[in-house]
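Student: Chain by chain, the residues:
6 protein chains.
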Amino acid sequence: MSTIAPPANPEADPRVKAVFDDIRATRRTDFINNMWRYLAFDPTLLEQTWAEVKRVMATPSAIDPLTKEMVYITASILNGCSYCVHSHTAAATAKGMTAAQHAELLSIIALAAKTNQLATGLQVPVDAAFERG
Amino acid sequence: MSTIAPPANPEADPRVKAVFDDIRATRRTDFINNMWRYLAFDPTLLEQTWAEVKRVMATPSAIDPLTKEMVYITASILNGCSYCVHSHTAAATAKGMTAAQHAELLSIIALAAKTNQLATGLQVPVDAAFERG
Amino acid sequence: MSTIAPPANPEADPRVKAVFDDIRATRRTDFINNMWRYLAFDPTLLEQTWAEVKRVMATPSAIDPLTKEMVYITASILNGCSYCVHSHTAAATAKGMTAAQHAELLSIIALAAKTNQLATGLQVPVDAAFERG
Amino acid sequence: MSTIAPPANPEADPRVKAVFDDIRATRRTDFINNMWRYLAFDPTLLEQTWAEVKRVMATPSAIDPLTKEMVYITASILNGCSYCVHSHTAAATAKGMTAAQHAELLSIIALAAKTNQLATGLQVPVDAAFERG
Amino acid sequence: MSTIAPPANPEADPRVKAVFDDIRATRRTDFINNMWRYLAFDPTLLEQTWAEVKRVMATPSAIDPLTKEMVYITASILNGCSYCVHSHTAAATAKGMTAAQHAELLSIIALAAKTNQLATGLQVPVDAAFERG
Amino acid sequence: MSTIAPPANPEADPRVKAVFDDIRATRRTDFINNMWRYLAFDPTLLEQTWAEVKRVMATPSAIDPLTKEMVYITASILNGCSYCVHSHTAAATAKGMTAAQHAELLSIIALAAKTNQLATGLQVPVDAAFERG
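In the order they appear, the protein sequences are chains A, B, C, D, E and F. The opening residue of the first sequence carries number 1 in our numbering; numbering runs sequentially from there. The opening residue of the second sequence carries number 134 in our numbering; numbering runs sequentially from there. The opening residue of the third sequence carries number 267 in our numbering; numbering runs sequentially from there. The opening residue of the fourth sequence carries number 400 in our numbering; numbering runs sequentially from there. The opening residue of the fifth sequence carries number 533 in our numbering; numbering runs sequentially from there. The opening residue of the sixth sequence carries number 666 in our numbering; numbering runs sequentially from there.
So here's chain A without its partners, still in its complex pose:
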């Protein structure tokens, strides 16, 4: 399926093991999803990616965790990343997203895609009132 062969026994590498252990501790689960198993082909890329995901997504901040996941789902759909749509829909569900919220989220994304294309098709000029600097 993939373009690289993931390591057969990734945790034999202590750098990979350290990241996987931190994922387990941060998420309070033994499950390590494929994204991390495949990124383990390059321990540096794995470490950097997890550090950023942990900092942005798993640290209390000005945006609540469920909203963060909804934003992530939106980006993943628009970037056409099938893997990420699956993993972040699962993450949002784990954080409490209801079926009604899921349907509504999709409605907003669908509407945005629609008006985005209308504005691009018409090449509507930006209102001066919207410009900040």
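Bear in mind the hints are in silico, worked out from the structure with no lab data behind them. Given the structure is predicted, the values throughout are model-derived calculations rather than measurements. Virtual Cβ for every residue (Gly too), placed ideally from N, Cα, C. There may be inaccurate statements among the hints.
Claimed, not checked - Straight-line alpha carbon distances no greater than 30 Å define the calculated DSS-like cross-link-like pairs of lysine-lysine that follow:
1) Lys17(A) with Lys682(F)
2) Lys54(A) with Lys150(B)
3) Lys320(C) with Lys361(C)
4) Lys494(D) with Lys453(D)
5) Lys95(A) with Lys228(B)
6) Lys228(B) with Lys150(B)
7) Lys760(F) with Lys682(F)
8) Lys361(C) with Lys494(D)
9) Lys150(B) with Lys453(D)
10) Lys187(B) with Lys95(A)
11) Lys760(F) with Lys627(E)
12) Lys586(E) with Lys549(E)
13) Lys586(E) with Lys760(F)
14) Lys320(C) with Lys586(E)
15) Lys187(B) with Lys228(B)
16) Lys494(D) with Lys187(B)
17) Lys320(C) with Lys283(C)
What the hints assert, rightly or not - For each label pair, taking beta carbons as the anchor points, the in silico distance ranges come out as:
18) Ala626(E) with Thr694(F): 38 to 46 Å
19) Arg693(F) with Ala5(A): 55 to 63 Å
20) Thr292(C) with Ala631(E): 43 to 51 Å
Given chain A's structure and the hints, the job is docking chains B, C, D, E and F onto it.
Tutor: Showing chains B, C, D, E and F alone in chain A's frame:
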């Protein structure tokens, strides 16, 4: 700038006037932004687009208004719609988005774009645990 | 505006002049739009691009000229190419696209963008009936 | 495969049954493709989506049915929606698209993608002649 | 899987056979990958596509062959073409791309995706120093 | 132009000044381009973004500096980021990209966009020979 010439006096058309009046009443402002002034070149398209925007974005629902705007900004950035990035950033700010939330929103979108491309580049297979039906 | 400096006097190069002459003859106009004036920075790229545009867009074929332009506008909007949205909307108009057809074209593109994102968000599996080989 | 579990017996819900019945009547077939079976997880989203698809795609208008499908295929390819590429290629074929037209459609989309990226790479400024308002 | 049925015996058509023979000679392999087997449904499209791929990718030029493949991988990821990500990652590996270079390439693409979205989200104006013409 | 008001005197903030000083030292120039002046609205986002750009783009590694910029240009074109196309074309030129290489780079991107859309339009199945794990 645009690909169509917007009507010079759009509210001379009663269908356009009805939509503009509803926009003013719904948003409690006299300001009609360019998106609607340009869509007025086709009253049917204007009516349908506004009806959907009003239903999805201006009706109380399972997702709060600020989160909706954050999702809309995300889609607009990913769809590359300069007009929509401007208009929905302004809308989110009007609904209380702080500078800290704006910066954080951009961080999430940037991280998602990054991991989306990594997953696509590696063609990571979807975990069975993420599949629903 | 651009990332290259277009030649000040492009037709001083006989290869460029030959392409510009063919554009004028094919389109029956003296107007050479900026796309060609900028591509003239590399005569080979100019020649190859024009040859393909002429073959695909200006040769009688199984799809009528206006439909071709509508398809081109659609791709240009989705690829986020502001220049191309402008030039191909102008071309479609020159080939008879009415305002009603323009509005309808945008409605189809907007609807497609919407259902495309819904299908991607849901990760709807392809029906066996749609697979050919 | 998907991010939601579609209803096992969707037509047990009278709102879903009404939509499916209308799809069958409009398309004169008993076949309900997966898009609708999955959207049935949220009857409101199903009703709204079908109503718009029926209005835009299945109502006589200023653009002929085959051209509409060609535009839809184009958007679906550019939005990277595998499901939609399949379903609308099937729909276009059902409406008479020949293999020659299919190959030519792909040629136009491929050429547009090419010149779109060239114009974006060069950042060609829009000709004044193309601006309408 | 696909939207067309590829010819069962494509080389029965002499035009297809000529292209396949040239692919084998140019690449010094008997392997004809699916892209060409499917494009064979339309010999003209096959001939034109191969001619351009051969000219751009298989002819000595100002950019070395491995860099060309890295650029191709980048475009394929961003265009969301799973097939092309696979085929060009294989091609780059055949031309000597190491695992370290592959990981680094993905890091650059991921970083670009990130800063691209930040610049679009902020709508940063282009510096005058970057404009050429 | 932008969606935020950049700080009028960004270096009054010592964190911003430290980043700007490091940009000047790393790039051996006094010029600070707008991307950094606008990101300065959030010093944390500025610091994190610069740290990653410096690490990936300005540190000797397995891919040479000019190739890195060509990959960055490619991603920026495909992501439709006008700012980034400008800034990275300027950076590539500063690192020695010739006009011939620029034209050839655009040819590769254009060809990739073309074949990417053909493969997506045909939904060509991935050859088993290309799958790694």
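Student: For every hint, state whether the structure bears it out.
Tutor: Do the hints match the structure? See the list:
no., hint, verdict
1, Lys17(A) with Lys682(F), "violated (38 Å)"
2, Lys54(A) with Lys150(B), "violated (50 Å)"
3, Lys320(C) with Lys361(C), "holds (16 Å)"
4, Lys494(D) with Lys453(D), "holds (16 Å)"
5, Lys95(A) with Lys228(B), "holds (24 Å)"
6, Lys228(B) with Lys150(B), "holds (26 Å)"
7, Lys760(F) with Lys682(F), "holds (26 Å)"
8, Lys361(C) with Lys494(D), "holds (24 Å)"
9, Lys150(B) with Lys453(D), "holds (27 Å)"
10, Lys187(B) with Lys95(A), "holds (28 Å)"
11, Lys760(F) with Lys627(E), "holds (24 Å)"
12, Lys586(E) with Lys549(E), "holds (16 Å)"
13, Lys586(E) with Lys760(F), "holds (28 Å)"
14, Lys320(C) with Lys586(E), "holds (21 Å)"
15, Lys187(B) with Lys228(B), "holds (16 Å)"
16, Lys494(D) with Lys187(B), "violated (35 Å)"
17, Lys320(C) with Lys283(C), "holds (16 Å)"
18, Ala626(E) with Thr694(F): 38 to 46 Å, "holds (39 Å)"
19, Arg693(F) with Ala5(A): 55 to 63 Å, "violated (41 Å)"
20, Thr292(C) with Ala631(E): 43 to 51 Å, "holds (50 Å)"
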